[in-house]
Amino acid sequence: MLKYLIKRVLWMIPLLIGISLISFFIMHLAPGDITNNEGAFNPKASEESRQKLRELYNLDKPVIVQYGLWLKRMGSLDFGNSFASHQKPVFWQTNDKDGNVTKGMIQEALPITLMINILGLVITLSLAIPLGIVAARKYTLWQDKSITLFNFIGFSIPGFWLSLLLMYWLGVMNNWLPISGLHSINYESLDTWAKIKDSISHLILPVVIPSVTGLAGITLFVKNGMLDVFHQDYITTARAKGLSEHKVVYTHALRNALLPLITIIGLSIPGLIGGSVIAETIFAIPGMGKLFFDSVLMRDFPVIMGILTIGSALTLIGNLLADLAYAWADPRVRRGVVRN
Amino acid sequence: MNNLNVSLVKNTLYFICAIFIASCGKPNKDSSDYNKVYPSQTGGMLIDATIGEPSGLIYMVAGESAAAAISGNIFNKLLKYDKNLDLEGELAESWIISPDQKTITFKLKPNLKWADGKALTSDDVLFTWKLVTDEKTRSPYASDYQLVKNAVAPDTQTFSVTYEKAYAPALDSWSGLQILPKHLLEKQDIHTTTFARHPVGSHYYKLDSWTHGENLKLSRNPTSVMGQAKIDKLVTRIIPDNSAQFLELMADNIDSMGLDPIKYSRIIPARPELQKKLALYKELGNSYTYMGFNLKHKPFDDVRVRKAINYAIDKQEIIDGVYLGLGINIASPYKPGTRWSNPELKPYEYDVKKAKALLKEAGFVDLDGDGILERDGKPFAFEIITNQNKEREKSAVLIQRRLKDVGIDVKIRAIEWASFISRFIKTGDFDVVVLGWGLGLDPDQFNIWHSSQNQPGQFNFIHYNNPKIDALLEQGRLELNPDKRMKIYHEFAKVLLEDSPIVYLSAGYGLTAIHKRVKGIDTPAPPAGIGYNSHDWYIPEQLRRIEIGRNEIAEK
Chain Y
0 MLKYLIKRVL
10 WMIPLLIGIS
20 LISFFIMHLA
30 PGDITNNEGA
40 FNPKASEESR
50 QKLRELYNLD
60 KPVIVQYGLW
70 LKRMGSLDFG
80 NSFASHQKPV
90 FWQTNDKDGN
100 VTKGMIQEAL
110 PITLMINILG
120 LVITLSLAIP
130 LGIVAARKYT
140 LWQDKSITLF
150 NFIGFSIPGF
160 WLSLLLMYWL
170 GVMNNWLPIS
180 GLHSINYESL
190 DTWAKIKDSI
200 SHLILPVVIP
210 SVTGLAGITL
220 FVKNGMLDVF
230 HQDYITTARA
240 KGLSEHKVVY
250 THALRNALLP
260 LITIIGLSIP
270 GLIGGSVIAE
280 TIFAIPGMGK
290 LFFDSVLMRD
300 FPVIMGILTI
310 GSALTLIGNL
320 LADLAYAWAD
330 PRVRRGVVRN
Chain W
0 MNNLNVSLVK
10 NTLYFICAIF
20 IASCGKPNKD
30 SSDYNKVYPS
40 QTGGMLIDAT
50 IGEPSGLIYM
60 VAGESAAAAI
70 SGNIFNKLLK
80 YDKNLDLEGE
90 LAESWIISPD
100 QKTITFKLKP
110 NLKWADGKAL
120 TSDDVLFTWK
130 LVTDEKTRSP
140 YASDYQLVKN
150 AVAPDTQTFS
160 VTYEKAYAPA
170 LDSWSGLQIL
180 PKHLLEKQDI
190 HTTTFARHPV
200 GSHYYKLDSW
210 THGENLKLSR
220 NPTSVMGQAK
230 IDKLVTRIIP
240 DNSAQFLELM
250 ADNIDSMGLD
260 PIKYSRIIPA
270 RPELQKKLAL
280 YKELGNSYTY
290 MGFNLKHKPF
300 DDVRVRKAIN
310 YAIDKQEIID
320 GVYLGLGINI
330 ASPYKPGTRW
340 SNPELKPYEY
350 DVKKAKALLK
360 EAGFVDLDGD
370 GILERDGKPF
380 AFEIITNQNK
390 EREKSAVLIQ
400 RRLKDVGIDV
410 KIRAIEWASF
420 ISRFIKTGDF
430 DVVVLGWGLG
440 LDPDQFNIWH
450 SSQNQPGQFN
460 FIHYNNPKID
470 ALLEQGRLEL
480 NPDKRMKIYH
490 EFAKVLLEDS
500 PIVYLSAGYG
510 LTAIHKRVKG
520 IDTPAPPAGI
530 GYNSHDWYIP
540 EQLRRIEIGR
550 NEIAEK
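First to last, the protein sequences are chains Y and W. With numbering that gives the first Met the number 0 as the guide, the letters of the first sequence map in order to residues 0 to 339. With numbering that gives the first Met the number 0 as the guide, the letters of the second sequence map in order to residues 0 to 555.
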């Protein structure tokens, strides 16, 4: 088991280098660089000063040389500084000699995105699993049909449209929830309890809307998993033994039906880290999706590469954890791993 | 089974309808009388919103408009434009131009102070000039200041610059350079200094806090060199989505935002509850949209073809259709109503007959009867490229249709900005562009029209080359007397219009909604725009937002 783990971890290094190499070249395939973003299209900004910028950022060197420089910096885990955001460090904070701290861009954005997406995933799962079980038990009955219809609607409604509608209804018409942002303007002057309430009320819409629209897939997964399991011999055996239906469903069927969910959660890890450009833009949340999107538009190469590298490292780790969790949950897999 | 399905669908539809009906309820009652006259008073908080977060508040290296909007409230410049767009002193009390027009000597106001209490002297001005022109400083706007051959600060109140030769845009350039404190930045690297996020300035406001991705809070600077602003606190919220911004405006969570024509002329007027609390302002900006020809490509080198296309495009249609009438037709590259705009010039009218005659004169005839003109056996067809900007795309579509009427086949392509610039504009690989210029207040447009400015990356990418225009532009740069300068630029605009290297499509109005609780705003907007006296805006106490927080409660 330990050998397997070490092997998997060591494999991640060449994989990460490969990913970064491909990302770096694809990024440079897109024409343009930081010096010709829209703000720079100003007759007061001369071509000489832009050329100077290009030299300072090494953008005048061949791509392969630039990649070499980047890789060298990465060797000492230095993600570099942003071109576009006043040389802010890309990943983690730095202290200058006077002790002033400048926070890293990913350091600021990642916790926000992770929090929102993990909360969303918890809500999705806690709704999807019961719904999937009900749909499987009442297969083809009205309960199943209404759940399917509900999911179908949730799946079809564009998230941004639903967001704007609910922002209008709950925020403008009724003033029940804040419309956008993470905190109220007077947040600092609130007491602790009011601060918590304020944060929660700001999170309701951005967390709930993606969960509702993302419910369909997982519900269907749980339902189909349950249906598959219901046809297995051991369920027939359990029923023949005279076990209560409750015990059959929740003790014997559910545990097996949920196994594929581990894979699903493993697959959702890139999404958890990446965030959503549209949701973050609409709700004015300074998360990873927005950060990545803006960096691409600005051709802010260090930030793009930083997000891609950290994103792929976390994804690889997530996949490894998912595999381990699978082995832990399913003895068949565990034996297969050990035998290899 | 089927019946069940049908009733389910029905019920669901009812449910959705119910949500919609519920959502059409009445908004919160607002009983304040916004139209009453209130006396001017200090205090209150104004909240506005920005789409992008500034990268830092040192404008010379940040460069983007979000930074300018906020740093402009914190830092002073030597000069500024008044209500009527004439230059007046800001930090400078007066300035003298030497007889040879090469030296400008600024006399600073006495007893200037930074927000931290230290004295602001000509040494700070000299330091700022050295900083912006420093080899190591990555400023996109350094070129104006690099023309200064020699800068000195002989005493604490005098700052003097000498140019190689007279440079008329110099005065304007000193209305653009925000003066930075030497004592805080002297030993710092301008690009990494935390000063960019914790600035200390001398203007009406100082930065209190900056929450990344959320908001920037400014409060009144009690030692402001310009006197005291009326409003206590300015908050800028970062809301990247326009629709979300508008919802916040509707819900009274922000006081002002820039509008697009649809919101300005359709949505707000149709809603009495919004009309009641929002005041709408329109002002001409220093910007216009145009269609530019690549003059190196045939047949655009022929002035008759350019004029024909100019006559064939119905500009009023574009203004009405794309900008919902919120723009004006222009005949010179200057803001109408200002000194530099030549009032005698009239835009090309929409005249298909003239267009057709000119095209015929240039040798274009439709020989094969397919509705498209040909010359030398080749059909007259070209591609308009533009960046992904809805207004420009729509304008291009209207142009396409009008040019079809005169027998020109036009295709349209919209391209993402960075690709647009590096693949097409820089390489000169385009026929026609639809783009816009947003310009400063100085009339000098050397960088855009002079024939020497056509290298890749420079701004005369249409390759305009007219010795007469070159001469006028050079002359205009040497003349510091405003009246003489005006004549030069009037002549320049006249030649330009006659030569038609670009088709002026429209100058759109800048549209803003500001909550009616904010008083003291000039309407109609003066030439400088409504913002020129924002320090005199005030919010009467009765109309202020009710802010409930621990501190406020404790005070009561």
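Since the hints were made in silico from the structure, they are not lab data. Quick caveat: nothing in here was measured; it's all calculated off a predicted structure. The beta-carbon is built from N, C-alpha and C at its ideal position, and this holds for glycine as well. Be a bit skeptical, because a hint or two may be false.
[Unchecked claim] Now the in silico label distances, taken between C-beta atoms and shown as ranges: (1) Y:G216 to W:V36: 54 to 64 Å; (2) W:P342 to Y:K194: 53 to 63 Å; (3) Y:D329 to W:T426: 54 to 64 Å; (4) Y:V100 to W:K112: 22 to 32 Å; (5) W:G257 to Y:N174: 48 to 58 Å.
[Stated by the list, open to error] Part of the chain Y face toward chain W, derived, beta carbon under 8 Å: (6) L52; (7) N99; (8) T235; (9) T236; (10) V247.
[What the hints assert, rightly or not] With a straight-line Cα cutoff of 25 Å, these simulated PhoX-like cross-link-like pairs (lysine-lysine) come out: (11) Y:K194 to W:K232; (12) Y:K102 to W:K262; (13) Y:K51 to W:K232; (14) Y:K51 to W:K186; (15) W:K129 to Y:K51.
To see whether the hints hold, each was checked on the structure:
At about 60 Å, the CB distance of G216 (chain Y) to V36 (chain W) agrees with the hint of 54 to 64 Å. For P342 (chain W) paired with K194 (chain Y), a C-beta distance near 59 Å keeps the hint of 53 to 63 Å intact. Roughly 58 Å separates the CB atoms of D329 (chain Y) and T426 (chain W), a value that falls within the hinted 54 to 64 Å. A beta carbon spacing of about 29 Å between V100 (chain Y) and K112 (chain W) agrees with the range 22 to 32 Å that was offered as a hint.
A C-beta distance of roughly 24 Å is found between G257 (chain W) and N174 (chain Y), which places it outside the suggested range of 48 to 58 Å. Given the 8 Å rule on beta carbons, the hint for L52 (chain Y) holds: about 5 Å separates it from the nearest Cβ of chain W. The interface hint given for N99 (chain Y) is met, as the beta carbon of that residue sits about 4 Å from the closest beta carbon of chain W, less than 8 Å. Taken as an interface hint, T235 (chain Y) does not check out: its beta carbon lies about 28 Å from the nearest beta carbon of chain W, beyond 8 Å.
Hint on T236 (chain Y) is violated. Least Cβ distance to chain W is approximately 33 Å, over the 8 Å limit. Contact between V247 (chain Y) and chain W, as hinted, is not supported at the beta carbon level, the nearest pair being about 27 Å apart and thus beyond 8 Å. Between K194 (chain Y) and K232 (chain W) the alpha-carbon distance is near 22 Å, which keeps this suggested pair within the 25 Å criterion. Between K102 (chain Y) and K262 (chain W), the direct Cα distance comes to roughly 38 Å. Violation of the 25 Å bound is thereby established for this hinted pair.
Distance restraint check for K51 (chain Y) and K232 (chain W): the Cα-Cα separation of roughly 39 Å exceeds the 25 Å cut-off, and the hinted pair is therefore not satisfied. In summary, the hint linking K51 (chain Y) to K186 (chain W) is supported, as the alpha carbons are separated by about 22 Å, within the 25 Å threshold. Straight-line distance between C-alpha atoms of K129 (chain W) and K51 (chain Y) comes to about 17 Å, which keeps the hinted pair within the 25 Å bound.
Of the numbered hints given earlier, the model fails hints 5, 8, 9, 10, 12 and 13; all others are met.
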